[in-house]
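This is what each chain is made of:
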Amino acid sequence: MLELLNINKGYADGRQVLSNLSYTLGAGEYVAIMGDSGVGKSTLLNLIAGLDTPDAGEILMDDIAISSLDDDAATRLRREKFGFIFQAFHVLPHLTLSQNIALPLLLNSLSIESVEQMLVAVGLQGRSHHFPSQLSGGELQRVAIARALIHRPQLVLADEPTGNLDPDTAHEVLMLMRTEIKENGASGIIVTHSKAAAATADQVLVLTKDGLHPAVTN
Amino acid sequence: MNRSQIFRWLLFGEWRAHLLQATVAIIAIALGVALGYSIHLINTAAYNEFSAATKSLTGQSDLHVRGTQAMFDEHLYPTLMARDGVALANPVLELDVVVLEKQAERSDNKLKVLGIDLFRAIEISPDLIGIPAEGKPLDGLSDDAIFLSPAAMEWLQVKQDESLQLRAGTQTINLRVAGGLVRARAGQRIAVMDIGTVQWRFQHLGLLSRIELKLAEGINHNAFKTKLAQELGEFYQVTESADQETRVNNMSRAYRVNLNMLALVALFTGAFLVFSTRALSVIRRRHQFALLRVLGLTRWQLMRQILSESAVLGVVGSLLGLIIGYITASFALQLFGGDLGTGFFAGIKPVLVFSLPTATVFFLLGLGVTLLGSAVPAWEAANAKTAPALKSGSEEMALKKLAKPWPALLCLGLAGLFVLLPPLFGLPVFGYLAIALLLIGGIALMPYFSTLFFSAALTAISKRISNVIPALTLARLANASNQASIALGGVLASFSLMVAMAIMVTSFRESVDDWLGQVLPADIYVRLAASGDQGGFQLPQQNAIAAIPGVGRQDFSRFFELTLDPGRPNITIIARPIDMTDPRNTLPIIGETVAPALLSDDVVPIWVSEAMVDLYDYTVGKQVSLPLGAAGNDAQSFIVAGVWRDYGRQFGAIQMQLSDYQSLTGDLNINTAALWLQTGITAEQIKTTLNNLSFGDALEITQSSEIRALSLEIFDRSFAVTYLLEAVAVVIGLLGVAASFSAQTLARAKEFGMLRHIGMMRRQIFQILAAEGGLLTVLGVVLGFVIGWSISLILVFIVNPQSFHWTMQLYLPWGWLVIVALVMVASAALTALIAGRHAVSGNVIRTVREDW
Numbered sequence: 001m002l003e004l005l006n007i008n009k010g011y012a013d014g015r016q017v018l019s020n021l022s023y024t025l026g027a028g029e030y031v032a033i034m035g036d037s038g039v040g041k042s043t044l045l046n047l048i049a050g051l052d053t054p055d056a057g058e059i060l061m062d063d064i065a066i067s068s069l070d071d072d073a074a075t076r077l078r079r080e081k082f083g084f085i086f087q088a089f090h091v092l093p094h095l096t097l098s099q100n101i102a103l104p105l106l107l108n109s110l111s112i113e114s115v116e117q118m119l120v121a122v123g124l125q126g127r128s129h130h131f132p133s134q135l136s137g138g139e140l141q142r143v144a145i146a147r148a149l150i151h152r153p154q155l156v157l158a159d160e161p162t163g164n165l166d167p168d169t170a171h172e173v174l175m176l177m178r179t180e181i182k183e184n185g186a187s188g189i190i191v192t193h194s195k196a197a198a199a200t201a202d203q204v205l206v207l208t209k210d211g212l213h214p215a216v217t218n
Numbered sequence: 001m002n003r004s005q006i007f008r009w010l011l012f013g014e015w016r017a018h019l020l021q022a023t024v025a026i027i028a029i030a031l032g033v034a035l036g037y038s039i040h041l042i043n044t045a046a047y048n049e050f051s052a053a054t055k056s057l058t059g060q061s062d063l064h065v066r067g068t069q070a071m072f073d074e075h076l077y078p079t080l081m082a083r084d085g086v087a088l089a090n091p092v093l094e095l096d097v098v099v100l101e102k103q104a105e106r107s108d109n110k111l112k113v114l115g116i117d118l119f120r121a122i123e124i125s126p127d128l129i130g131i132p133a134e135g136k137p138l139d140g141l142s143d144d145a146i147f148l149s150p151a152a153m154e155w156l157q158v159k160q161d162e163s164l165q166l167r168a169g170t171q172t173i174n175l176r177v178a179g180g181l182v183r184a185r186a187g188q189r190i191a192v193m194d195i196g197t198v199q200w201r202f203q204h205l206g207l208l209s210r211i212e213l214k215l216a217e218g219i220n221h222n223a224f225k226t227k228l229a230q231e232l233g234e235f236y237q238v239t240e241s242a243d244q245e246t247r248v249n250n251m252s253r254a255y256r257v258n259l260n261m262l263a264l265v266a267l268f269t270g271a272f273l274v275f276s277t278r279a280l281s282v283i284r285r286r287h288q289f290a291l292l293r294v295l296g297l298t299r300w301q302l303m304r305q306i307l308s309e310s311a312v313l314g315v316v317g318s319l320l321g322l323i324i325g326y327i328t329a330s331f332a333l334q335l336f337g338g339d340l341g342t343g344f345f346a347g348i349k350p351v352l353v354f355s356l357p358t359a360t361v362f363f364l365l366g367l368g369v370t371l372l373g374s375a376v377p378a379w380e381a382a383n384a385k386t387a388p389a390l391k392s393g394s395e396e397m398a399l400k401k402l403a404k405p406w407p408a409l410l411c412l413g414l415a416g417l418f419v420l421l422p423p424l425f426g427l428p429v430f431g432y433l434a435i436a437l438l439l440i441g442g443i444a445l446m447p448y449f450s451t452l453f454f455s456a457a458l459t460a461i462s463k464r465i466s467n468v469i470p471a472l473t474l475a476r477l478a479n480a481s482n483q484a485s486i487a488l489g490g491v492l493a494s495f496s497l498m499v500a501m502a503i504m505v506t507s508f509r510e511s512v513d514d515w516l517g518q519v520l521p522a523d524i525y526v527r528l529a530a531s532g533d534q535g536g537f538q539l540p541q542q543n544a545i546a547a548i549p550g551v552g553r554q555d556f557s558r559f560f561e562l563t564l565d566p567g568r569p570n571i572t573i574i575a576r577p578i579d580m581t582d583p584r585n586t587l588p589i590i591g592e593t594v595a596p597a598l599l600s601d602d603v604v605p606i607w608v609s610e611a612m613v614d615l616y617d618y619t620v621g622k623q624v625s626l627p628l629g630a631a632g633n634d635a636q637s638f639i640v641a642g643v644w645r646d647y648g649r650q651f652g653a654i655q656m657q658l659s660d661y662q663s664l665t666g667d668l669n670i671n672t673a674a675l676w677l678q679t680g681i682t683a684e685q686i687k688t689t690l691n692n693l694s695f696g697d698a699l700e701i702t703q704s705s706e707i708r709a710l711s712l713e714i715f716d717r718s719f720a721v722t723y724l725l726e727a728v729a730v731v732i733g734l735l736g737v738a739a740s741f742s743a744q745t746l747a748r749a750k751e752f753g754m755l756r757h758i759g760m761m762r763r764q765i766f767q768i769l770a771a772e773g774g775l776l777t778v779l780g781v782v783l784g785f786v787i788g789w790s791i792s793l794i795l796v797f798i799v800n801p802q803s804f805h806w807t808m809q810l811y812l813p814w815g816w817l818v819i820v821a822l823v824m825v826a827s828a829a830l831t832a833l834i835a836g837r838h839a840v841s842g843n844v845i846r847t848v849r850e851d852w
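From first to last, the protein sequence lines are chains A and B. Okay, so the first sequence: first residue is 1 according to the numbering used here, each after it adds one. Okay, so the second sequence: first residue is 1 according to the numbering used here, each after it adds one.
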């Protein structure tokens, strides 16, 4: 489903973060990517999402070369096939919970009937008219998960989704995320520093300057 | 459908959270549109009514024959009546006559009296035929009958068969109101009498003002007009209705255009405010827009979202502005009249007319200005790189492009180029463009100067700073100056314009005051209340005035109007004693002159006002001819010996020696006597003596100090609307400060929360906010003063001379400027503080935890 072919990416200051990185993610797979700070984990997610372009190499999503798409086409691909979860929840403060969750549906011209169902799925039933300021951090991340999955994307990208949460809430959110990704038949990539978080994935990969490698398990 | 739902959610969500900013933007647009629209409505109503009223006096004639002077000999009438191609000739004598009862009200005591030939006028100007009382069908020919329009009857408080006393020179004429002019326009104050009666009773025997011609069918109007004009020579003008309209248009065009431009200033200031509120709103929502991009909103969709939000503000503000503008215009017309007290359109009653195309233009102007103010922020947001925009701290990056000085320098360079260009269609179009560019360029430089100034200040004092307040204040201003500078955009625009207008008005007022001192050197001025163009004082009366004891010196002057171009308003000829050893002792001369000693005896010198140079190219040293004296004589040749400043007559005036005028024309009448009192004699004594003369009750006696005070009062009244527009621009600017600082401090709630976490007191945060607001406004005021001063130079030295054809000296109202600057700084600091209270009063834990 997702193929990374010899990806290279450096920054304007000359720092090279990704060199000849190749990887293939199959449909329904859920992997965690770990690695040192600054190694390029978030950059890799941005490249996959078409938010940034590689200096060399190709990223194929269902055989579509993302880097060859113009901005509008990349945006449409992202809109339809991707779901995002961030460390800083990024929930629009002036919209209600149901409005926040419905955004991807509206952008894809889909019915918003499934929003209530999704709220129930993430444990926020009866709170559709609440505003983000009325929610705790864990609840906000549930909203973000609901928003990432509501339009049934093929791939969910999560960047340190539990970085702002306490361990108990983090575990709860991670399990919810896994369950929902699996139930929706999506694939998932989670970037994290947390071993506990990584452990909820099917496979744990480590990103180094040499590329992506399976983590050594003890 | 679904996308429109997103639009609504985002729009109402934003409005719910930041209602103040949205309201301020709407008010700014509404005020700007309202001012522009109301001024336009008032001007159009007054101009249309004035034009229609003027046209109604000339009926359905094809051509009008006028003298270059106000009146001409009636011998021309039978000649024209008998001319081939003329179907009908209608003689008219038109006078502005003083009403005895109103004599004391000097600025509004005249009634327009038309003398007509009833049998001719009935075919060419039927609207001017009076309706006599029943049983008196021949009243139209009676030698004591006068017919009044309804507005004149109302003004004079008279009814049919009541008597009316009018002035004719030193005599009083008793007349009987014989009936009404039912077809006169609403508000038009006119009277009609038999032409023979007017000639006889008002001492204008054998004189006419114009002859209206109806041409026979099949006659080529243009060919007839050209041939007749050639035959009649320089002493006559042959015109048609279009010339009359051009003339009426030229009379008030500069005034109307300048007033409209002033009104647009408020809208322009509103545009800066919309820009600053929208820019800050977009910056505050930068993360949100980045998220929407991540979720799949395309660049174009995001830009459309932001512009649509602005368009909603523009639509609401513009509609509100149209309603307020219409109501304001309606009240202003009732309270101040069509000329807002300036006297341009006296004696008419304009009616407000709603015109959909005009309303649409102002609506689109308001909407356009709003979209223009939002275009740059929308473009920046749509083109921002999504991944970096999601991270906090990227806000200042968004504005880096605005800190580049070259677009601003380009604007300033273009402004410099435009001030060198001449007027377009007689209007200072490039002058106004230069002002707009100067304002845009100057304001665009604010972020650059802000960074430069505060970085230097921070570097200079960084080693000596021991207090956290100045350290944080300066660090913020030096490193995040773009947002703050944008916040000041609206106030900078309004302060600059206020400075410019204040300098221009002060320069004008001081120049007028100086000029009045020069042109009113005598102690007392005497004229006949009803002298008109014919001159009131004949030789016996002049001798009587000259013989008054206690008068050390008297100068007699002759004033009258002359038409040089039928498409332009009349110029004024002033014949008076001029000091030939040095004309500067008599006239407010500017620039070089031809010394009288260098002139040969066969050349008659004249001194022209600045308008004559601009409008008729009467440059110093040029030989010109003027149609003076009786028709049939040759036009007289003169040499322009100098140019003088005249703030009294914007359409041109010429001064010459009274003795030259009298020897050339044989006209010994005069209009005005200027009297210098002997030491120890009071003005009151002389006034009493003058009033005791046999014609004393017909005199208007005025001390020069009274004329000066009255002139300055009229000046202030004329500029009252300017002060109002300035005040509105300042209010819009201050609203902008409130909205912008409020938006900024709310956006910084997290920063303040963090500062509170690490131990900063609330009052310390207030101190930072007040210091930031104050320091930034000080810089804004300094820059605003420089921009405003530059604009004032354009107004004083480009716009005024090109519009009104007079120059002035530059005066700066320092005291007033300092007071306004202090008020601005204090208001901005206070506004920043009040806005900050809200941000700091929130839950500090919450603000830090919130992800934006």
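Simulated from the structure, these hints should not be mistaken for lab results. Just so you know, even glycine gets a beta-carbon here, dropped at the ideal spot from N, CA and C. Some hints here could point you the wrong way.
What the hints assert, rightly or not - Below are the DSSO-like pairs computed for lysine-lysine, each with C-alpha atoms no more than 27 angstroms apart in a straight line:
1) B:159 with B:102
2) A:81 with B:102
3) B:349 with A:209
4) B:136 with B:159
5) B:112 with B:159
6) B:112 with B:385
What the hints assert, rightly or not - Derived contacts from chain A toward chain B, CB cut-off under 8 angstroms, selection only:
7) 46
8) 95
9) 107
Unchecked claim - Computed Cβ-Cβ distance ranges for the label pairs, DEER-style:
10) B:308 with A:125: 29 to 35 angstroms
11) A:1 with B:460: 55 to 61 angstroms
12) B:15 with A:1: 39 to 45 angstroms
13) B:460 with A:175: 54 to 60 angstroms
Cross-check of the supplied hints:
Simply put, residue 159 (chain B) and residue 102 (chain B) have alpha-carbon atoms about 17 angstroms apart, close enough for the 27 angstroms limit, and the pair holds. Annotation: proposed proximity of residue 81 (chain A) to residue 102 (chain B) is violated, straight-line Cα distance about 87 angstroms (limit 27 angstroms). The hinted pair formed by residue 349 (chain B) and residue 209 (chain A) fails the criterion: a straight-line CA distance of about 86 angstroms is larger than 27 angstroms. Distance hint between residue 136 (chain B) and residue 159 (chain B) is fulfilled; the C-alpha atoms sit about 16 angstroms from each other, no more than 27 angstroms.
Distance restraint check for residue 112 (chain B) and residue 159 (chain B): the Cα-Cα separation of roughly 18 angstroms lies within the 27 angstroms cut-off, and the hinted pair is therefore satisfied. Between residue 112 (chain B) and residue 385 (chain B), the direct Cα distance comes to roughly 73 angstroms. Violation of the 27 angstroms bound is thereby established for this hinted pair. Taken as an interface hint, residue 46 (chain A) checks out: its beta carbon lies about 5 angstroms from the nearest beta carbon of chain B, inside 8 angstroms. Using the Cβ-Cβ criterion of 8 angstroms, the hint placing residue 95 (chain A) at the interface with chain B is satisfied: the shortest such distance is roughly 5 angstroms.
Hint status for residue 107 (chain A) relative to chain B: holds, with the closest Cβ pair at about 5 angstroms, below 8 angstroms. A C-beta distance of roughly 34 angstroms is found between residue 308 (chain B) and residue 125 (chain A), which places it inside the suggested range of 29 to 35 angstroms. Separated by about 60 angstroms at the C-beta atoms, residue 1 (chain A) and residue 460 (chain B) satisfy the suggested range of 55 to 61 angstroms. Against the hinted window of 39 to 45 angstroms, the Cβ-Cβ separation of residue 15 (chain B) and residue 1 (chain A) comes to about 42 angstroms, which satisfies the hint.
Judged by the Cβ atoms, the range 54 to 60 angstroms given for residue 460 (chain B) and residue 175 (chain A) holds: they are separated by roughly 57 angstroms.
When held up to the earlier numbered hints, the structure conflicts with 2, 3 and 6 and fits the remainder.
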